[in-house]
Amino acid sequence: MLIWLTWYDAIKMLHGEVTTKQTFHHWTYFSLVAMEAKVFRFLKLVGVGFKARTECEGRELFLKLGYSHEVQFTAPPAVRVFCFKPNLICFTGIDKNRVHHFAGAVRNCKPPEVYKGKGILYIDEVIKLKPGKKQKK
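Numbering follows UniProt numbering, in which position 85 of the sequence shown is assigned residue number 85; successive positions increment by one, without gaps.
Fair warning: there could be bad hints in the mix.
With a straight-line Cα cutoff of 25 angstroms, these simulated DSS-like cross-link-like pairs (lysine-lysine) come out [unchecked claim]:
id: 1; residue 1: 96; residue 2: 116
id: 2; residue 1: 38; residue 2: 85
id: 3; residue 1: 133; residue 2: 51
id: 4; residue 1: 85; residue 2: 110
id: 5; residue 1: 133; residue 2: 118
id: 6; residue 1: 116; residue 2: 85
id: 7; residue 1: 118; residue 2: 64
id: 8; residue 1: 85; residue 2: 51
id: 9; residue 1: 128; residue 2: 116
id: 10; residue 1: 96; residue 2: 44
id: 11; residue 1: 44; residue 2: 116
id: 12; residue 1: 51; residue 2: 118
id: 13; residue 1: 116; residue 2: 64
id: 14; residue 1: 38; residue 2: 133
id: 15; residue 1: 116; residue 2: 134
id: 16; residue 1: 51; residue 2: 110
id: 17; residue 1: 64; residue 2: 85
id: 18; residue 1: 130; residue 2: 118
id: 19; residue 1: 96; residue 2: 85
id: 20; residue 1: 85; residue 2: 118
id: 21; residue 1: 128; residue 2: 44
id: 22; residue 1: 44; residue 2: 110
id: 23; residue 1: 136; residue 2: 110
id: 24; residue 1: 110; residue 2: 64
Derived from the structure by calculation, the hints contain no laboratory data.
Let the sequences and hints guide you as you build the complete structure.
This is how it looks when you write it as structure tokens:
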């Protein structure tokens, strides 16, 4: 692995800019740890008729989200996609940033609604529902 560091960055780190030191430390730590362990991110499809399927050995993801067409995503080279159920998607890879970025791009296709709670959610995400209109009596 190559880490490029400019003179300006090295001088800033030596003179004690804590945020730069921490950022560099965390970046290198996650780069080294990711070589040993894989990163997983799960998405859940909530809604009537929302389904997902994969093709091409986890490279292509197809989503049925209530539109007139299927939404297709091609995974980046370092990310694999698996569908355990038609409404549960697993993203895995060794680069945390790429896995989370791709999962976020898929989630932005149909973000969860605040009134019904339908859409694409992270598996551990909790949506606080807003109350609807009050009925007149």
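Discussion item. Just to be careful, I want the Cα atoms of residue 51 and residue 110 compared with a cutoff of 25 angstroms; is the pair within it?
Written reply: 12 angstroms, holds
Worksheet item: Is residue 118 within 25 angstroms of residue 64, Cα to Cα?
Response: It holds: about 13 angstroms lies between the C-alpha atoms, which stays within 25 angstroms.
Fill in: Restraint status (C-alpha distance of residue 51 to residue 118 at most 25 angstroms)
13 angstroms, holds
Practice prompt. For the pair supplied as a hint, residue 110 and residue 64, confirm whether the alpha-carbon distance does not exceed 25 angstroms.
Written response: Measuring from Cα to Cα gives roughly 11 angstroms; hence the hint holds.
Worksheet entry | Pair hint outcome, residue 38 versus residue 85 [Cα-Cα no greater than 25 angstroms] | 21 angstroms, holds
Fill in: Agreement of residue 133 and residue 51 with the hint, judged by alpha carbon distance not exceeding 25 angstroms
30 angstroms, violated
Worksheet entry | Pair hint outcome, residue 136 versus residue 110 [Cα-Cα no greater than 25 angstroms] | Judged against 25 angstroms, a Cα distance of about 32 angstroms means the pair is violated.
Discussion item. Check whether the Cα positions of residue 96 and residue 116 lie no farther apart than 25 angstroms.
Written reply: 31 angstroms, violated
Discussion item. With the threshold set at 25 angstroms, check whether the alpha-carbon distance from residue 116 to residue 134 stays at or below it.
Written reply: Since the Cα atoms of residue 116 and residue 134 sit roughly 16 angstroms apart, the hinted pair holds (cutoff 25 angstroms).
Practice prompt. Take a quick look at whether residue 128 and residue 116 sit within 25 angstroms of each other, Cα to Cα.
Written response: 10 angstroms, holds
Worksheet item: Does the structure keep residue 128 and residue 44 at a Cα separation of 25 angstroms or less?
Response: 16 angstroms, holds
Worksheet item: Between residue 116 and residue 85, does the CA-CA distance stay at or below 25 angstroms?
Response: Roughly 22 angstroms separates the two Cα atoms, so the pair holds.
Taken one by one, the earlier hints fail for this structure at numbers 1, 3, 14, 23, listed in ascending order.
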